[in-house]
Structures are given as structure tokens and as C-alpha cells.
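Peer 1: Chains as they are written, first to last, in my numbering: chain P, 1 to 508; chain U, 1 to 297; chain B, 1 to 320; chain L, 1 to 307; chain A, 1 to 330.
These are computed hints drawn from the structure, not numbers from a lab. Built from N, CA and C at the ideal position, the CB exists for glycine as well. You may find that some hints are simply not true.
[Stated by the list, open to error] Going by beta-carbon spacing under 10 angstroms, a handful of chain U positions derived as facing chain L: (1) 27; (2) 134; (3) 137; (4) 143; (5) 213; (6) 214; (7) 216; (8) 217; (9) 220; (10) 252; (11) 269; (12) 275; (13) 279; (14) 290; (15) 291.
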Amino acid sequence: SSGNSPTSSGNSAAPSTSTAQETPSTKKDELVVAVNENFITMDPQNTGDALSSGVQTSMYEGLMIYDKDLKLIPGLATEYSANPEATEYTFKLRQNVKFHDGPPFNAEAVKINFDRMSNQENNLRAYRNYKYIKSTEVVDEYTVKVTLNQPFSAMINKFTTGIISPQALEKYGKDIAKNPVGTGPYKFVEWVQGDHLTVELNPDHWNKGAAKVAKITYKPVPENGSRVAMLKTGEADVIYPLPEQQVETLSGAEGVKVERTPSTITRYVSINMVKKPFDDPRVRQAINYAVDKDAFIKVVKAGYGAKLESLMSPTIAHYAKQGEYEYNVEKAKQLLKEAGYENGFSTEIWGNTNSDTMKGMQFIQQQLQKVGITVDVKSMEEATLSDEIYNIKSPEEAKMQMWYVSWSSADPDNAMRSLFSSENFPPAGANTAFYKNDLVDKSIKEATQSSDQAKQKELYGIVQENVFKEAPWIFLAVDEILYGKRSNVDGVYITPSGGIYVREAEIK
Amino acid sequence: MEAVKEVSQISLVSEEKKRSRMSEFWTKWKKQKTAFWAGFFIIFLLLVAVFGPILAPYDPYEPDYDAILQTPSQAHWAGTDEYGRDILSRIIVGAGISLSVSFTSVLVGAVIGTILGLCSGYYGGWLDRLIMRSSDVMFAFPDLLLAIAIVAILGPGLTNVVVAVAVFSIPSFARLIRGNTLAAKEAVFVEAARSMGARSSRIIFRHIFPETVSSMIVFFSLRIGTSILAASSLSFLGLGAKPESPDWGAMLSMGRDYLDTAPHVVMIPGLVIFLSVLAFNLVGDGLRDIMDPKTKN
Amino acid sequence: MSKSLVVVDGIKKTFPIDSGFLGSKKSVKAVNLVSFEIKEGETFSLVGESGCGKSTTGRLVTRLLTPDEGKIWINQEEISKMNENRLREVRKQVQMVFQDPYASLNPRMKIREVVGEPLVIHTKLSAAEREKIVEEMLDVVGLNSYHADKFAHEFSGGQRQRIGIARALILKPKLIVADEPVSALDVSIQSQILNLLKDLQEEFQLTYLFISHDLSVVEHISDKIGVMYLGSLVESGPKESIFANPQHPYTKALLSSVPIPDPRAKRERIILQGDVPSPVNPPSGCLFHTRCPYSMDMCKSTVPRLREIEVGGHFVACHL
Amino acid sequence: MFRYIVKRLIGIIPIIFIVSLLIFFFIHLVPGDPVRLAAGKEATLEEITRVRQELGLDKPLAVQYLNYMKNLFTGNLGHSLKTGLPISDMFENRYEISLKLTFMSLGWALVLGLVIGTISAVFRNKWPDFLGMLTAISGISLPGFWLGLILIQVFSVQLGWFPTGGTDSWKSYVLPSITLGAGIMSMLARFTRSSLLETLKEDFIRTGRAKGLKESVVVRKHALKNSMFPVVTIAGLQFGFLLGGSVVVETVFSIPGMGRLLIDSIAFRDYPVVQAVILLFSLEFILVNLLVDILYKALNPKIRFDS
Amino acid sequence: MSENIIEVKHLQTQFTRDNKKTVVLDNVSFHIKKGEVLGLVGESGCGKSVTSLSIMRLFKDTTGEITNGEIKYKGTNLLSISESSMRGIRGKEISMIFQEPMTSLNPVMKIGEQLMESIRLHLGYSDKQAKEHAISMLTKVGIPRPQEIISEYPHQLSGGMRQRIMIAMAMSCRPNLLIADEPTTALDVTIQAQILDVMKQLQAEEHMSMLLITHDLGVVAEMCNRVVVMYAGRVVEEASVYDLFDDPKHPYTKGLIGSVPKLGQKRSRLDSVPGNVPNPNQMPKGCKFAPRCKEVMPVCWEEEPTITATGSERFCRCWLYREESRDAHV
Ligand SMILES: Nc1ncnc2c1ncn2[C@@H]1O[C@H](COP(=O)(O)OP(=O)(O)OP(=O)(O)O)[C@@H](O)[C@H]1O
Ligand SMILES: Nc1ncnc2c1ncn2[C@@H]1O[C@H](COP(=O)(O)OP(=O)(O)OP(=O)(O)O)[C@@H](O)[C@H]1O
Ligand SMILES: [Mg+2]
Ligand SMILES: [Mg+2]
């Protein structure tokens, strides 16, 4: 039961601006969270976008849970153990947990869920991670043992996938995507396509009392300005993302708070290392020296963000700071000269059509202009872009020269293997820089096969060092997660990976 | 004696008339007060468009990261944008881009649309049905999809905006001209030409086409307004000109994130677009008033 | 007498009309089995009330419309099925003058171009040669070269009609189809044009198919007259015979309805009852029976044939 | 009348067929791969192949088209590639919202357009006319998203009269419908004005005046109704435009309507949804025009009803 | 003789076009007696319609304005009363029929409604009374099935029927003066005969005065008691119908009568008036007819003649007759 008294009203209606009186969202026991995109699915095992999974965390829980700082904490499992080779995981499950539709949560339920995900035929997104599972055994009512078919140390991060009620799975089949039933602190109420998704407090939650808001409504509001306006008027209690440019106006506004957290999102320009002149590391380094990261953060990110000093965000485990390519036009010119491009060259940069991306690309263009590199900015509609980048047969065929893009990952494996392992050249993967370094390949592989944290740290350190040195990217920035809240809202966080953490939501 | 009298009278009239065909237009035009001033504004715009690069006080592409998002001041009359570029200079240089894009696109649309409309209206039958049904489909077809396809084929840049906007203009012109053609086809002088034994080509181009010109001019000027808007909407969806180009629509859509913090970045290009479109519409309306014999007082 | 220039034999023309809402196809029998003959140098007039098919007949004769049935010969050549190319040759011989002197001249062309257009279409004359002929022609119709560089709207109705006539004459045609050439003109101007038409006929040996709804005008200009009612010829014959001895009740009523500009003229008025029936649903039998003061039973069922009642070619279609 | 309607309805079938064919091949020709987008950046080749197979996108285009048509004829619009949901489900709510938005826009555009147009015509060449027409021309000269953003700033943020968007109550629709309707209002105002001016020149208006009727009666009872026919036609045509043309407004006001669904689906190359939406729009466009025709004829006593 | 129902004196009306004022009626004077039919003839554009519109003051939405003169209806000057009093006269005291029966009725209003509108307004009848009155009016003008016709729309009727409706409408409030502006010009001869017949009958029955505007001398001869001939915005001749046809005075009148082809009169050439009506903006200085006149004299180019009496109830504006009488006509 929520400890909120229904009369604790008025706090959000209080702001002196004449705005917020009547808007429905200001009723004390309901939270409106405005986000920038539509939710795609509510099947946690078939989710690819951060936003959908962000919403799902209110209804679903995995064996493990990411907390608001992206630390793994026990979820439906109270403890776990793994063998040193990282091929066997044993979980002790939490007792007295019930699914929203009634049945109790137990080992059988876990098995059903894991089997569902590890079965290729089901064609679920989660298969990508769960394909490593050879078998799932019910040891007893509250113990499960998972055996992998190969060592995979990052697997523990994947056990955060939400567990679905087997009864509901039975009942809805594929339609579970529209009718989520889990164990989380909130129960699904309704999802009006494209409009909003509402959840209500789960009175039977095992961690009862942590979340205190009776109802949460998630609303997609694609236009930045509108989202901000909604926060100001009180139509929304939490908005995410908050465009950097708008922070300033909001900071002054009454009744509104701006929150910042470092994110897992890295912003960079991927450089095609196969293509001339980018095959020369001096050129890539020169470019890195030629871009003023401070100015980038100031101009493009309105001052919110940190320099990218490795290939991933410091929030991710095993982060190893590498320093920076300090802004130095002379050095850049010098390097270009050494590489034989004293007079610069022409190239193009690609990016999608978001206004942020276009801003960033223009910035790069302006910066490189100063060292004599003429950059043609090509913004392409996302689908066309991904077609151009990924649908190629061989690296030589790639037309991309530079790509202004970002990447978000929750664990080091994802951050490194996907982007720098040579097996992941397009079309097979996202190594769009066509970065290839045997040492890096080897280190990534070994790291995944060891559950020894210290060893992992060392291996991932090697990767970061090498990559940074060879500069397959222009290392730009780590985004800050910026979100706005009404000041009476508490316990709602946006996690560094963009999840919406409402397990302790409260309105004061 | 009398005949001479009559003749001299008439020749007098004709001298006057000859001189007056332009001046008659001018007199009428001067009376369209709003359109008259709007016309001046457009001429001003055109001059700016042509001499933009000379007139611009700053380099429209030159960033100044120490002066970003400055409100209008002595140094920057219209303030600076998110890279510290001078907005006034961008608007001035952008005039050329925006106007030539809309002008070219409407011109292309008008030429193709007119030919289709003339054929459709004159020949009728299956050709008419084909053209008209196709334009129905075009009307129902989402602009965006077409724009994406065009961008995909031509690559990003201004050409695709021109083509996209031109393609959207074709069916409207075709319909307009078809309507006029149908009316003109019934004109007695067209029948007279047929009775003389004139060929279709002569009838279409010598007799019917001139009848459609005035409404085409009117529609043309109105359509330029629309196409400035359409081009800027494409920018809004990220499909327009190069992001760095000072195209008005791009400025507007890039600037919309600053509506709160630095409203001048949006308001000023928005105002310029609004005024230009307004001017073209007013001129179009004025032209309609003096060209359409029906609205003569 | 001279030979026949125009022979029209049983022509029919039906226009489909889209009655739209019900989607049912209807049609107007605009011209139904009309036959007549015009000798060279003669003026044949068609009279009748609005919508009776006069203009349609005129258009059929010039092949601006193609007859559904029947045949038309011009100068011994059958033109009713002729293709466009050969027709263009025939059209040199046949020119038209239209009712509306303003609408029939392209407002965007100078008079020089308007009048010279037939030359452009049919001859390969140089501009200078054309100009000369145009000026001659303008002179013939009482205008002069001062007028050549002006536009139609700068002229009065009568002058415009003169321009129309000049254009029709420029190829020296044999036949001129004049569709109500004076109806839009004021009486004082109308008389100028009628006189001009008569003069030109003499000068150029023209043959006229003259269309009018005004009996007094028709009487003045014609040699022969055809009276039309609802698409059919109800009476035809030499002018004298028709006016002196009208046979068809409709012709009689028509004659008696014409107001006479003489306050002392006393005469028997035949005032018809009712309106002209719609050509979409024409009456059965004799088309006139709904308004005919002498209507008999057989008139309702049987269509009267055109028969010759007097030698010299006076025909009438009436059961009486 | 019945036969007429049936005939027109039958005439729709080939058009829809052509439209569907056009859309189908067109959208498949546009570069972009829904499978790649669905599978995500990290997808492996194997995964992509699997998804492609599952979605049936590995088959030749012609086969895909036939399947699509087969489904269509059984009333099955198919499933979204992106969400996997049945398209009819995705439409349900969005369509209602789009209709509401459309009707509200059209509604106020009609009322205001007629009022402004009438005032302008009656006071032509005087200041009310000038003001009215300036308003009207401004209405079509404003970039839609600019107007929308400004309305939000003024009426939501500053004055707090209306919500910034959403679909919670009728109030939410006020600003978007103004933004969407502005252009149409302007057009209707201009059409009303010119149509009324034409009508006021008609002979029967003079007849009315010669009867001794007051000018207001002449305008109201005689002129307005006669001026309405072209206005009705324009309003009908604009209805079609409204349904499809609301993308920008839906974006600015975060309204989950059909327009957004369309652009989101285009962005995702969600072929079945794009096809379904465009097909629906075309159908609407045609049907509304048919309706306008019928209404036009039914309202106009000149069209005979005889049997 | 009986009293004058209306007296028009020195009427001057002008239009403004392109900022230029054009005088269209100049010094037009005439009167109509009670129960009399006055014909107004002249060529197109000579100002016949403008005269009638001036009497009714129907210049709304045009640039026309009356700049001088007096229109005395039963002693009151119509030009000095308020617009609302004028509305009380229109349709009740003076009513009007227009040339174009096809467009003079409101196409989307039922016939009955259009008729009843003025009946209710001017006679203050209830709906029921008004309807009865409307039906009786329709019967009077010879409309078959009046009960049904009142709920029909104009397009369902033929031109002749519509003109009858217009007549019924104009007569429904028993006006003292009926102005008929070319009521039959647009109709076929046989229909014209029917309509003229009805008008003649009604006029006699109601003993109503009538101003009949036409350019057809035949119609004038048949319908009118007296005739006013206009040329270029001026009255050039006024006479009783017999005098006019027997002995036209003004060269223009003569030319007009001579131009008309008459049935049964075998002439190979028609007399005609040469030239054209002058453009209103380029009127000759003297007599407006001088350029076309066969009997033109030097004085005609210099000075415009005044209208002068040439006999009892006869007036003519021509220098030829100035010797006969130089008394200016009022
Ligand atoms: N192109 C057409 N389409 C349909 N109906 C037509 C067409 N042309 C003429 N008609 C109809 O054919 C009939 C005869 O028309 P036509 O023009 O020949 O008459 P008319 O005797 O010349 O009449 P008017 O004296 O009014 O000129 C009319 O009922 C007319 O409505
Ligand atoms: N609304 C108007 N605006 C400007 N000029 C007008 C207007 N109405 C009439 N005139 C001018 O007034 C003059 C007289 O016109 P009016 O209509 O009285 O002629 P009319 O004798 O009735 O001719 P018709 O026989 O053609 O009806 C013409 O020169 C005409 O151009
Ligand atoms: Mg005709
Ligand atoms: Mg008149």
C-alpha cells in the first residue's frame, strides 16, 4: 500500500506561474513521465530500445537489477555464485514473490523464461545473450542453475532481463508484448498505442513501500520544446531527455529541478580506417587534435557533458581513463604534414537528421576546416543511413568516411566487442571504423571467458589503451543524462543508460 | 471627311492604348496598395538575394565560439546563432538560396504541370483520366515518403529539395491549367480557329495557352510562398538543405531548440520567412485581382 | 439555275448529357433528320427558337461536329466522314461568322493576326504578303489598316463583327456559315452589317447559310428559309412562299408573334400556350402538338413527314 | 442517387488498387532495411537472416505483394514490423485522435473562415476587409511548426490556458487544431470572400434589393447560401489534406495521430504500416471527395432528383 | 390629363472607373402619368437601365451615384429620403422586373419563399395569408399548378415561367409604378408574345403606371402610350407612340426606325445609322449624335442642343428644331 495520504495535495499546483492549476497530472498521486519516443514493445525479452526497457523496469524485474547508478544489485535472486570459468551460475531466488496475475514466482518460472529466451525459434532479442545458455535446471523451488555452452563472464549483466509470468505467457502468447505481467513494483494498467502507457502501484510487491506513487503514466513527447513546456506547466512531472539547450531556462524556473548524471552514452565520430587518408594513424590523430572538445561540449552540448577520455563512459565497469588528445591545431597540422596531407583534403561526414547530430557534424566541419580539411556534411534519414553503413558486403565497399554517432552500453563487453572486435565489421556488426588489432581481439575474447574481475580489468585496460592510441574515432564526449523533474518528485532517476528508475518514486 | 474624322479619332486612341498597355497595368497595380508594397518588398528581397554575399556584414559560415547565442546588438543586428555566426549575414546570404530553391522548384513544377494540364484538358478522354487519376494519387501520397525517396536517389542537398517541392507542385498546376483549358476550349474563338482548319498544336499553344497564363502567374507567385514553407518543413524533418547552409528553413528548424533560451535564433528567420511568404501571397492576390477580368469593378 | 453547293441529307446529331445524380444516361436530339440544299450564290436561312438546333446544324455543315447519321456534301464532296487532313482543304471553302463578336476574336491577338490567321494556317505566304491581303480585306469590310494593330477589345460590337467577317472572307471561301451574326448587335449596327453581308455576297458570289431567330432579319436577307422546331425542320421553302403562305401552325404562330414597329398595325395574334418542350424528353408524334392550336389525335402518335406542297420547293411537315 | 453512389464506389476499387501497387513497390524501392532497424546495431548476420525470414521479407517482391493483397482482401492489414502488433490495433486509438483533431481544425476553420470572409466581402476595400484578408493571408504564410511552437510558448507556458499537447481533454486539441486549421481557415476566408463578392454581383441580389429587403437580409438569406457551394468543395478537399497533413502539428504537440505513425513508420521502413496508412489516406481522400460531391449535389437544388 | 405618378428632372448619374468619373446620364427629364405606359428606347449603353436603377436608387456595390436632379414620386423627392424610407418604397410603391429571368431569381430559394418575402415585408401578412396571396398572384400571371410551383426551385422552370414569376413578384404588393427593364429581350418571340400579353392585361386591370425599357421598337409600338428615346445618356426625343412612328423628328429616331427590317416590307437595303455610339469618355463636344448624323450642321459640333418642345407633348433635342420653339423644356 502506498503510504501517501490522498490529501497531500497542492505542491505541484503551488508554483506561482498561473500555469499549472488544472492539468490532470498535478493530482498528487500520479506521476507523468514524458519521454522523447514511442515505446515499441512491452516484452522485456524482445526489447531493443532503451526507452521501452526503461518503462519495463517498473513492471518487470530480472534475477539481477541495475540500480540507479548502474550497479548490479540482487533482484529476484537474492544471491548467486559462478564457477571461475564463467560457465555455471547458480541463483538463490527470492521467496514470497508473486506475479501481478497471482501465481508465485519460483525456479520453474525462471526456467520457463530462460528456455523461452534461449530458444532460437522464438526469435527474441534476448536470444542474442541467452544463446550462451546450454541448460537451465530447477534445483529446488527457489534455486536455479544455469549452464553456459561457453565461458561468458558478461553473462551476469544479462540476467537483468525481466521475468514474465508463465501464466500470462501461456495466456497471451505473442501478445504478451501488449499485456505485460511481471513481478515489479508497478502493475500494468493500459497502453494506448502511441499515446501513453499507465502503470499502477503493485500492493503485493516484495519491497512494498519503497515506491509510493499510486500511478505512473509514460508519455511519448517527441518535440523537445513541447516536453520542456510540459514540465513547466506541470503537465509532466519528469521529462527525459532534457535537451541541453533548455537546461538554462529550466534551471531558473520555479518548481522545477534539473538533474544531471553521467551517462553511458559516448559521442564520437567513427572513422573508416580502411579508406584513404584515414588508413594513416597520424591523420586520425591529427583530426583528434584538431577538434576542441571543450568547445564541442560548450557549443553542441551547451556545456553538459564530459570529454571522452577512453572509448567508453566512466560509469561502465573496468573503465580506464586514457587522457585526451588535447586541442592543438599546430600539432594536428604537423601530423598531417608528416602524413603527406599538408594541404589537407576533402572528406565527408555522415549522420542522421536529428538536429543535435546536425549540430555536431557542423561543429566537426568547422573545426577541421581550420586544419585544411574540407568536410561535406551529409545528414541522412536514419534508415537510409543504416542501409548505407551496414548493408555492405566487404569493408572495401564501405562508402562511409566519417560517421557522427553515439553508442550506449551498460557493460564493457558490449562497449568493446561490438565496436572494436574485428569479427564485427559490417555487415556482421557495428565496428564501423573497421578497427582491427589482434591484441585487442584477443584481449576482448579472453576477458569474456574469465569471471576474475582483476583479470578482466587488466584485459579491458589493454583494449582501451590500444584503441585510444590508434584513434579509430574522434573521441568527443560522454553525454550527461539530463532530465527535469518537478521539485516535489523524489526517488525517480534516469539511470546512466537511460532507464527510468521508479522503484522509489515518491511525491512530496 | 467623316471617315477621316472617325479614323483619326481611333488612331489617336490607339496611340494612347499602345503606350498604355504597360502603364495601364501600372495604374491598376498602384491601386493594389498592399500588393504594391509587397511587390517592393519582393524586389528588395531579390536584390538582397543577388547581392547577398556583398551585403553580408560577416562571413555567414564563420563560427565564433566566444559569441554564441548573443541577442541582437550593435555588432550583430540580429544576434548570433549557436555557433556564434551572425544571423543577419546568414539571412542575407540565405535569401539567395531560399528564393532560388523555391523559384526553381515552382518553375519546374509549373512547366511540367502546365504541359500535363494542357494535354489533359484539351484531349480529354483516357489521357485526361490518366493524368487526373495520377494527380489524385499524388495528392494522397505522403509528401514525406516522396521526399525521402528523392533524397535517397539524389543524395542530400538542395537539388533534392528543388525536385521534391517541384514534384509536389506538379499536380496543382496540372489541375489549375486543366480547368482553364477546359474553359478556354469552349471559347468561341477556339471554335473559330478550329473552323478555320487550325491544327491542335496551334490551337493549344496559340489560343488556349495564353488564356491560362494569367492564372498561372498568379498561382506561381502564391506557390512560391508555399514552396518556401514546404522547403522549410522539409528541413524541419531533417530532409532539407545542408545543415550548415544558411537556408532559411534550415535556420528555422535548427534554431527551434533555442526557442526558450535564445528566441531570436528562431523568431528572426521565422519572421523573415513569414514576411516573404506574405509578400508573395499578397502580390499573387494583387495580380489575381487585376488579371482576372471577373473581379474588375 | 446554278448547282447545289451544299446538300444536307437526313443528318442527325444527339448529345449525351450527364444528368449526373442518377447516373442515368440521357441525350438531347439536337438535330433530327434535317435535310436541305443550298444553291451557289443563294442565302439559306434557318430560323427557330432558342435551342431548336440551328447552331448545331451550322456546326455540322462546317464539320465542327460530326453527324451521327446522314450525309453532307459540299461542292460535291462528301464531308460527313472525312478525316481531319482532307477536311482542312475543304475548310478553305467554308468559313464561319459567329454570333458573339467579342468572344469569337482572340482577345490576346492583334487584329492583324486575327484576320490573317487563316492565311497562316492554309498558305505559305510571307508576313508581308499576308499583311497586304489583311489590309485589303479590312478595307473591304469598311475598316482600314489603322485598325490592324489593335486588339479586339478596342472595338465596338459592329466593328468586331466586321473583323469576323474579314477573317471569314480572307481565304475567298464559297460558303459562309453565319450563326446569328447580328443578334448581339443594336439595330442601328445590325442594319450596317446586314447591308455589308448583302454587298459582299454580290461582290464575291458568296453562298450563305444564315442562322437567326429573328424572322424580320431572315425575311430581309434570305432566298430560302428553313423553320426549325426542336431539332427538326418543320417547314422550308422560298422566302416569298413561306411568308406569303405559311403552312405549318408553328410558322404561322412565329410570324404572328413578331412585334411590328408600327402602333397602327392590327393583326391576329396567335398566342401559343405553354413552353417549348425540353429536347431531352421531346413529345411523341408531332413535336409541336403540345402547343399546337390545331392539334389532332394523330398528331400525338404519328410523326409527320416533310412533304412538298408547292412546286418550287415549299415543304412542310404537318398532318393538316 | 443510389446507383450514382454505387458507381462511384466501384470506381474507387481500381484507384485503390493502383495506389496500393504504387505504394508497395515505391516503398520497397526506397533504400533502408526494416530488418536491420528491427534487429538493432548489434545484430549478427545470422540474426538478421532469421528475422528477415520470419517477417517474410526474404521472398521476391512480387510474392510479397501477392501475399499483401491476399491479406488485404480478407480485411487483414497485417502486423507492424517494428512492434509486431496488428496494424488495426495500432490504428484504433490514433485514428480516433486524428479524426478529432481534423474535425476540430475544420470546425473552427469553417466558422472563422466564413465569418472573416463574409465580413471582408460585405465591407470590401474598407478596413475590416483589409484586416480580415491580412489575417487570412498570414494564416497561410506562417510555417506550421513555428506557429505551433509560438502558440505553446504563449498560451501554455506563459498564460497557462491550454495544455501543451497530448490528448487528455478537448483543451488539448485547441492549440494543435488552431495550428492545423490556420491555413484552411485562411483559404476558406478567401474563398468565402471571393465567392460572396461574385454572388453579390448576381442579378438575384439586385432583385432582393429591389424588393426593399434590408442589406443584412440580402446577404444572409440570399447571398451566403449561394456562395457556399465552392466553399463546401474546398472544405471537403481540405479535409483530406488535414488527415494526412498533420505530421508537423502532431510532432509539435506530441499528438499520437496517424501522421506521426506514418512518419515513424516511414523512418523505420515499417512497410505494412506505411502501406496501410497511405492506403487509408487515399481511401479517405477519395471518399471525402465523393461525399463532397454527393453533398454538393444534394444541397444544390439545381440537381434534379427525378426518377 | 391625369396626374404624374413620377417626375424625373435633370437627372445626372455618374460612375467612377479607374478614378475617372464618367457621366452616364445627363439632364434626363421625363414623367409618367397615372395608368400610362412609358416606353424608354435607345441603343445598348445609352443609359436606359441606369435610369431605372436611379429611380430605385439601386447603386449599392457599384460606383454609381446620382449627382444631380430630382425624382419626384407622388410629390416626394426620392433622392432626399433616407435609405430605410427608400426600402419601404422599393417593392411596394415601385417595383421592378429585370431583363434576365434566368438569373434574377435566387436559385437556392423556393419560388414561394421568394414571393412571400416581399409580401410579408410590405403587406405585413402572416405566413398563411402570404402564401395564399402568392398563389393568387401566380394564378393571375397564368402559371399552371401554382400550388406546386411555389415549392419548386427556379431552375425547374422555363425562362417564360420565370419571367411570369418575376412579374408576379413585382406586382404582388400592388405597386403604383412598375419598371420593366427589357422584360422580354431574353425570351423567344413566341414566349415574348405570351409575356407581353400578360403584362398588358395586368397593367390594364390594375391601372398601374409602367416604365417599359426596351430596344425593340416593335415592343414599343405594341405596348406603350408614350415613348422617350435616349441617346448617349440624354433624352433626345419624347412623343406619343403614334407621333413617334408617324413622324419621327430627331435624326437618330429616324435612323433607328429605318434600320429595323420590317416583316413584309421588301427593301433590298436597310437605312442605317453610320458609325458607332461614342465612348462615354470621348463624347463629342456638341451634340452627341453629331458624328453619326446625316443632317449634321456646323452648330452641332459646337454646342449641345437643349431639349425643346416641337408640338403638344412632343420634345426633341436637336438644332433642326430650335427655330420651331426655343422654349427650354422645364
Ligand atoms: N455540345 C453540346 N452538348 C450537349 N448538348 C448540346 C450541345 N450543343 C447543343 N446542345 C443542345 O442541343 C440543342 C440544340 O442546340 P443549338 O445550339 O443547336 O440550338 P440553337 O437553335 O442554336 O439555339 P440558340 O438560338 O439558343 O443558339 C439544345 O437543346 C442544346 O442544349
Ligand atoms: N455598374 C456600372 N459601373 C460602371 N459603369 C456602368 C455600370 N452600369 C452601367 N454603366 C455604364 O453606364 C452606361 C449606361 O448603361 P446602361 O446599363 O444604362 O445601358 P442600357 O441602355 O441599359 O443598355 P442595354 O440595352 O445594353 O441594357 C454604359 O456606358 C455603361 O458602361
Ligand atoms: Mg445558336
Ligand atoms: Mg440595360
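Peer 1: Measuring from the C-beta of residue 275/U to each C-beta in chain L, is the shortest one below 10 angstroms?
Peer 2: Since chain L brings a Cβ to about 8 angstroms from residue 275/U, closer than 10 angstroms, the hint holds.
Peer 1: Is the hint on residue 214/U kept, meaning its closest Cβ partner in chain L is under 10 angstroms away?
Peer 2: Interface hint status for residue 214/U: violated (16 angstroms vs cutoff 10 angstroms).
Peer 1: Should the interface hint for residue 269/U be scored as holding, given a Cβ-Cβ cut-off of 10 angstroms against chain L?
Peer 2: Given a least distance of 9 angstroms, the restraint on residue 269/U holds.
Peer 1: Does the CB of residue 213/U sit less than 10 angstroms away from some CB of chain L?
Peer 2: Because about 20 angstroms separates residue 213/U from the closest Cβ in chain L, which is outside the 10 angstroms limit, the hint is violated.
Peer 1: If you take the shortest Cβ to Cβ gap from residue 290/U to chain L, is it below 10 angstroms?
Peer 2: violated, 14 angstroms
Peer 1: Does residue 134/U pass the interface hint, meaning its C-beta sits closer than 10 angstroms to a C-beta of chain L?
Peer 2: holds, 9 angstroms
Peer 1: Classify the hint on residue 252/U as holds or violated, based on whether any CB of chain L lies nearer than 10 angstroms to its CB.
Peer 2: Residue 252/U check passes; min Cβ-Cβ to chain L is 6 angstroms, inside 10 angstroms.
Peer 1: Have a go at the residue 137/U hint: is there a Cβ in chain L nearer than 10 angstroms to its own Cβ?
Peer 2: holds, 5 angstroms
Peer 1: Once the shortest beta carbon distance from residue 220/U to chain L is found, is it less than 10 angstroms?
Peer 2: Interface hint status for residue 220/U: violated (15 angstroms vs cutoff 10 angstroms).
Peer 1: Would the stated hint for residue 291/U survive a check requiring a Cβ distance to chain L of less than 10 angstroms?
Peer 2: violated, 14 angstroms
Peer 1: Tell me if residue 217/U is really an interface residue toward chain L, meaning its C-beta lies closer than 10 angstroms to one of theirs.
Peer 2: With a minimum Cβ separation of about 18 angstroms from chain L (threshold 10 angstroms), the hint on residue 217/U is violated.
Peer 1: Go through the hint on residue 279/U and say holds or violated, using the shortest Cβ distance to chain L against 10 angstroms.
Peer 2: holds, 9 angstroms
The structure is inconsistent with the numbered hints 1, 5, 6, 7, 8, 9, 14, 15, although it conforms to all the rest.
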